[in-house]
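**Student:** Sequence:
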Amino acid sequence: MSLKDMFKKRTLSPQEIKQAERVRKAKDTLLEFQAPEGLFQKCNCCGKPVYNEDLIENDYVCPVCGNYFRIRPKTRIAMVLDKDTFEEWDAKMDTSDPLNFPGYKNKLERQRSVTNLDEAVITGKGKILGKDVVIAVMGADFMMGSMGEVVGEKITRAVERATQMRLPIIIFTCSGGARMQEGIVSLMQMAKTSAALKRHDEAGLLYITVLTDPTTGGVTASFAMLGDVILAEPGALIGFAGPRVIEQTIGQKLPEGFQKAEFLLEHGFVDKIVERKKLRKVLVTIIRSCEYEQ
1 MSLKDMFKKR
11 TLSPQEIKQA
21 ERVRKAKDTL
31 LEFQAPEGLF
41 QKCNCCGKPV
51 YNEDLIENDY
61 VCPVCGNYFR
71 IRPKTRIAMV
81 LDKDTFEEWD
91 AKMDTSDPLN
101 FPGYKNKLER
111 QRSVTNLDEA
121 VITGKGKILG
131 KDVVIAVMGA
141 DFMMGSMGEV
151 VGEKITRAVE
161 RATQMRLPII
171 IFTCSGGARM
181 QEGIVSLMQM
191 AKTSAALKRH
201 DEAGLLYITV
211 LTDPTTGGVT
221 ASFAMLGDVI
231 LAEPGALIGF
241 AGPRVIEQTI
251 GQKLPEGFQK
261 AEFLLEHGFV
271 DKIVERKKLR
281 KVLVTIIRSC
291 EYEQ
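The numbers in full-length UniProt numbering rise by one with no breaks, and the one at position 200 of the sequence shown is 200.
In case anyone wonders, no lab produced these hints; they're calculated from the structure. Cβ atoms here follow ideal geometry from the backbone N, Cα and C, with glycine treated the same way. Any given hint might turn out to be false.
As the list claims (entries may be wrong) - Each computed PhoX-like pair below joins lysine-lysine, with the alpha-carbon atoms no more than 20 Å apart:
no., residue 1, residue 2
1, K83, K131
2, K74, K105
3, K281, K131
4, K74, K277
5, K83, K277
6, K92, K74
7, K83, K125
8, K277, K127
9, K281, K127
Claimed, not checked - Pair by pair, the computed Cβ-Cβ distance ranges are:
no., residue 1, residue 2, range
10, E275, E53, 12 to 22 Å
11, I184, Y51, 45 to 55 Å
12, D84, E160, 21 to 31 Å
13, L237, S194, 17 to 27 Å
14, I184, C46, 20 to 30 Å
Produce the entire structure from the sequences given, and follow the hints as far as they go.
**Tutor:** Structure, rendered in structure tokens:
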């Protein structure tokens, strides 16, 4: 075939047009795949559908690519604590609207209805392999885990009770930061939670943080990074401002993997990255090493 013939305009036959259309539709179907509710979940990383049963068995880690799914606070508690040992604290604390922010109360009601949660954190007491602990678990499902007055108060109370009971406290962070609808009241929680943790530290007691995806904003700038031991899940996004905001501010391209757990471990901000399957044993090993007087 000559070079001229290679670039010669060619008209497709009706059969070829139909075949091309079938191929296009097949590709669109794959790209737009939506996992049937209750049977599959679609991995946000590799895009593959994963059976819910396989996902649960694998602690909500994609068996195809190893991506960590975000999990709800109640699921996290069931995974970490011994069965039937969890006692929830401050479950029905009402969220106020200090600024009378337009639409905030309606948004809270919708969030409660959709997530079956009252707020973005669950706190309480339980056991890990027989060891008593106080635990606080945040979740992104409720307003992206943002910290408002109730979240800050529940965490502060949990820390104070842990101090009184002379127990270690473990906080699982997952948050987009301070809740803008509550303004300065939200920002005040950063100081309040940090002060409670300072008193816990002065009492000679242990505080462990487990940073999960995402941990950002005011939560990172306060209690998330104050742990005596700071653990993180693989691949978790951890930072203050988002990468795009930083790049636009400094006018430079950020390093590969910036604000990921592995990057923070390499630069000394995280003590250890722990897989979910190993987390219970790692936590109880740390607690036992402190030789608490119960």
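**Student:** Of all the hints given earlier, name the ones this structure violates by number, lowest first.
**Tutor:** 2 and 14
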